[in-house]
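Colleague: Letter by letter, the chains look like this.
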Amino acid sequence: MIFSSALIENAVNEFARLPGIGKKTALRLVLHLLKQDPAQVKLFGDVVTRMRDQIKFCKVCHNVSDQEVCSICSSLSRNKALVCVVENIRDVMAIENTQQFNGVYHVLGGIISPIDGVGPDQLNIHTLVERVQQTGIEEIIMALSPTIEGDTTIYYLSKKLKDFPVKITTIARGIAFGGELEYADEMTLARSISNRLPLESYVQK
Amino acid sequence: MLLLRKISLVQFKNYTAERFEFNKRITGITGRNGSGKTNLLDAIYYICFTKSYFTSSEAQNTQYQTNGFRLEAYMDKKGQEGKIVCTVKDGKKDISLNDEPYDRFSHHIGKYPAVMIAPDDAEIILGGSEERRKWLDALLCQLHPGYLDNLITYQKILQQRNSLLKTIATQGGNQDALLDVFDEQLVYHGTPVFEVRRDFLPSFIRQVQELYDYLAGQHEVVNIQYQCGLHEQPFNKLLASNRYKDMMMQRTTGGIHRDDLQFLLDDHAMKTSASQGQRKSFLFALKLAQFEVIRQHKKFPPLLLLDDVFEKLDRERVSRLISLVSGPTYGQVFITDTHAERLLDAFKENEDSFQLIKMR
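As you go down the protein sequences, you meet chains A and G in turn. So in full-length UniProt numbering, spot 83 of the first sequence is number 83, and the numbers just go up one at a time. So in full-length UniProt numbering, spot 314 of the second sequence is number 314, and the numbers just go up one at a time.
Pulled out of the complex, with its shape left as it was, chain A reads as follows:
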């Protein structure tokens, strides 16, 4: 691409570095901004800069936050004895959207995968162990993806926590809601059968 302005070129190059944005889309976005009121574009730039500068990560759970401690961890109505361990911030949002969970979170920041250069030391694991040690956590729910790496992480965490009086559970795995049995893949179906539920816990309370 040939630009008549170095300013445009720089802006396009920066946009094109964002995930999922190519050169052409970047140019479209830049030209769109060019048509906007300068004050509007300044606000856009300021918001982005402030977001990166002022964001904090919660001291307790490592979720994104405006304060030292996030709104979930500081909420009085939340059950602090119930901790849900997740991989990243998007998982927190997904579980929050269900409006079914009243405990607090612990964001690991990834899962164990030495191939990708992620070992236990790169994750927020020792803060989780400290939390279990120092506060009265009764149950930890592992809400990690049902992959081999997810399983590795769960086993590793359960080993680290085995000496503490804390109950460790994982989210249920099996047939999706609204899914038809015949279309479920064999592994999911086989696992759903071997980990079947007694009817009384199946009926929604």
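Calculated directly from the structure, the hints in this document are not laboratory data. A hint or two may mislead.
Using C-beta positions, here's what the derived DEER-type ranges look like [to be verified]:
id, chain 1, residue 1, chain 2, residue 2, range
1, G, GLN60, A, SER201, 51 to 59 Å
2, A, ARG78, G, ARG251, 54 to 62 Å
3, G, GLN60, A, ASN88, 37 to 45 Å
4, G, ASN174, A, ARG78, 33 to 41 Å
Every value quoted in this text rests on a predicted model; they were computed, and no experiment measured them. Beta carbons are placed, not taken as given, at the ideal position from N, Cα and C, and that holds for glycine.
Based on these hints, arrange chain G on the given structure of chain A.
Modeller: Using the frame of chain A, we list chain G on its own:
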């Protein structure tokens, strides 16, 4: 009974566009060198296994200066017609059965079983242990549900573990807790693989022996020894005792990924001491026993693809092989040779069920 009725090949290897119809139980394929006899067998293998028998590169399966190929086959399995279409276009592969595309190709494999016997098979005896594991795994995953899943998961965990061992060597640190976790996962997925391999071989070797004696026309003791560290101690003990060595070598030195099969003739390694003819007879016995195992499991005979067998065996062995595969327990057979007369002569007693295709 499983029958291949029709196949059409477009831009597959040396074929531009060609159709073949098969209306007899035994099909002889003849033609001069380079006319595409083996390629036709490979096309049949491809529609059964969604990959070539000879190469893993789709570019090598595609005609020169074209961007893809298409194979279309009509099968008849116990009276039910199956239309299988495999296309590779610009590097993207699609397989469908009766116009319904597969999400995972592995679901297709095993529905239309086939066994290929080709000159390159000597690698199973002469090559490295990987060749033998590949052959055994390809057979066992057709017989045991879950075997392939365990094997794939095992490989992935193994990669993670080896990667961790390298990290420890370069960056230091104590990762014993994580190694423990990987060990447990390897044991969980590896032990069932070991048990299937161990339990399979004793009855299999009896079938190989029977077929070897029949083909060779004399009795020589053949044997397959399953070499695996898990014979001596359970997998978790093995990993624990190798831990220090693994850290030094920066890879996992013991486990089912290091298994090997030792082929023996009268208690001597076939790799070093058997004659070419003995090896060939053994290979045929091995492949035909594989055929037998699949037949018993599927309750119908797989397709049998024989490439260039006349070049490999002497006259008597060939005639014994021919009368065996013409027998009632065998299904559809495809056989290639450069000489039409030799094929016609070999099957002159089974003329009614024999069809000859001449390549141009």
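Colleague: Look at each hint and say if it fits the structure.
Modeller: Verification of the hints:
The beta-carbon spacing between GLN60/G and SER201/A, approximately 55 Å, falls within the hinted interval of 51 to 59 Å. In this structure the hint that ARG78/A and ARG251/G lie 54 to 62 Å apart at CB is violated, the actual value being about 46 Å. Taking 37 to 45 Å as the suggested C-beta distance range, the pair GLN60/G and ASN88/A conforms, at roughly 42 Å. Between ASN174/G and ARG78/A, the C-beta spacing of about 36 Å keeps the proposed range 33 to 41 Å intact.
Checked against the numbered hints above, the structure violates only hint 2.
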